[in-house]
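*Asks:* Chains A and B are the protein sequences, given in the same order.
All you need for the working numbering is the position in the first sequence, starting with 1, plus 30.
All you need for the working numbering is the position in the second sequence, starting with 1, plus 2.
Hints may contain errors.
[Stated by the list, open to error] Selected chain B positions facing chain A (in silico; Cβ < 10 Å):
no. : residue
1   : 70
2   : 72
3   : 76
4   : 79
5   : 92
6   : 95
7   : 101
8   : 103
9   : 105
10  : 108
11  : 118
12  : 121
13  : 124
14  : 127
[Stated by the list, open to error] Derived contacts from chain A toward chain B, CB cut-off under 8 Å, selection only:
no. : residue
15  : 202
16  : 210
17  : 212
18  : 218
19  : 221
20  : 234
21  : 236
22  : 237
Because the hints were derived from the structure by calculation, they are not lab data.
Idealized CB from N, CA, C, for every residue including glycine.
Each chain, letter by letter, is given below.
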Amino acid sequence: MSETVRRRGRIGYLLLVPALLWLGLFFVVPLYSLVATSLFNADGSDLRGYQMSWAWGNYTDALDAYWQPLLRSLGYGAVATLLCLVLGYVLAYAIAFKSGRWKNLMLVLVIAPFFTSFLIRTLSWKLILADDGLVVNTLQLLHVLGSDGRLLATPVAVIAGLTYNFLPFMVLPLFASLDKIDHRLIEASSDLYANPFVGFFKVTWPLSLPGVVSGTLLTFIPAAGDFINVQLLGSPNQRMVGSVIQSLFTDANDYPAAAALSMILMVLIVAMVLVYVRRAGTEDLL
Amino acid sequence: MSQVVEQGSTAGEGEVHSGLRLRSVTKSFAAFTAVDDLDLDVPSGSFFALLGPSGCGKTTTLRMVAGLETPTSGTITLSGQDITYAKPYQRPVNTVFQSYALFPHLDIFENVAFGLRRRKRPDVKKQVEEMLELVELGSQAHKKPAQLSGGQQQRVALARALINKPEVLLLDEPLGALDLKLRRSMQIELKRIQTDVGLTFIHVTHDQEEAMTMADTVAVMNQGVIEQLGAPAELYENPHSTFVANFLGQSNLIEGAVTGRASDVVSVDMHGIGVSVPAERCHAGGDKGWVGIRPEKVLIGEEGEALDAPGNTIPGGVVTDVSFYGVSTQYLVRMPWGQELQVFEQNTGRRRLFRTGDRVELSWRPEYAFLLDHSQDASAGSQRVAE
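Sequences are here, hints too, so could you generate the full structure?
*Replies:* Here you go:
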């Protein structure tokens, strides 16, 4: 018997090997290389080569130069996540509880945007929000925007793009949580003197928290690091840290600064996620 | 003016009913009528059972009283107040759900406190602790529902409803998920709690034994209507329909032709044998009917033996099956007309056990027989047929 137990254990470890190899090759090695690059001498270049000089100054320099885009990224990410949560919760709630036999179709529609590329979808937002487009013209007519007001190249456009692009990442985990809720629990709350409003906050909302937490993480993390939306819908005034990192790597070839900035973003996000998950009381998700 | 007249007429119609009253309540789902023109009075303080097979409409009736379904037509009043369209959270009615429906994210204490907190009642802590003591779960207050056993969860569900002191407590097959032994002890427990708190309990069940042992009034429901309502013993001893005769316990139903109706007795010709049935136990109008007799009321004896049952004696039976249960013996006896009748005999030791193939005579006291409408299906409500 102990023989079979041991063998079963060995098979378990064997099954882990492919994933571990993959992670080792494509996560641990690049991460190591990123940390190393962030500590190279700042005055190195492709021509002169780089040296490991434990240049911690890269970090303070990067923060000094780019704290604004960094904060802006976290801010835009947070606003977009909040908008996704509000829009996504209503949508996921409707699909889970009110869509009846249309449930599967609605879910397919939520995922449908993934059938075209991220880039093309964002480019079409450029058309939607264009200076002479329907949206801007209507808003001008309603005097929400001034006669020369525009949406492109404003934070509104960037946040709208982020919200649109990451909404499915919010809806799907929310739906999964809401769909699991036993409808009889809601009946029980109403039997126990909770009106629909109170019932929602005492029963439905707490039971959907796992979906809220995973949805906000899946939205916030990529949204804060995004550089496509700001590039296509924003202007240098809305520069986010993702686009800074991208241009440092590809245009300026300042690898140490780019790597240091990447590390700062990563550490900040991990720290925020840890605090958030702690506070939401859903540690068992991690 | 007209209002005054109206008020006068309602007051004149009778005293305000203190319990729960359903009047011509109908509930249809698309083409299916779950509850059909139902009238029901549940006196306050009673332990009332709604008994019937699954799909008979008993759960739908309960849900309408709870407010979880709205009747298609009809009215529901509680203590004289119309609650037909009141929201579930607005009526003084609580439910113990079949699935318990305990809130998985709250601990036992908060589950029980839920109703009190919603109504902003004072002394929540004290009341919850007392209630948990009543159901013997004081030490489990800070566990989550998933950490408790089925029987404990059942008691939490009961405590959570009971703590609100509703005018009517609804129990939807609350013991269905428990094993037999636990179910028996919970039945006694429930009965004790009902006597202690004195609330109206409406218990929905498909278990006839459970209904009879617990309730003081049982309503037997079938296909959306109430077949018969009364005290358990009354229903059992004098069923009004073949469904009740078969669903509550077992019955022998024998075809017969009515030969005479006197003021106090009805004579029936049963395959050539004349038997009599008391007139108040006769529930058939036509010239044919089903003579019913409970298996334990049938006496079995040797051919020609004088049995202590003046009147209805049927000779010519042959024992076809014997099941010895210890306290009693169950015989199947084939009668001359081909039907097999059931007989239960107490094993008092005064009589010998019959064996398969023995020729016997059956008899019963006329006052135990009943006569049912011939147009009804003789196997309606019978669990033996399904087996």
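*Asks:* Hint numbers the structure violates, sorted upward?
*Replies:* 2, 3, 4, 13, 14, 15, 16, 20
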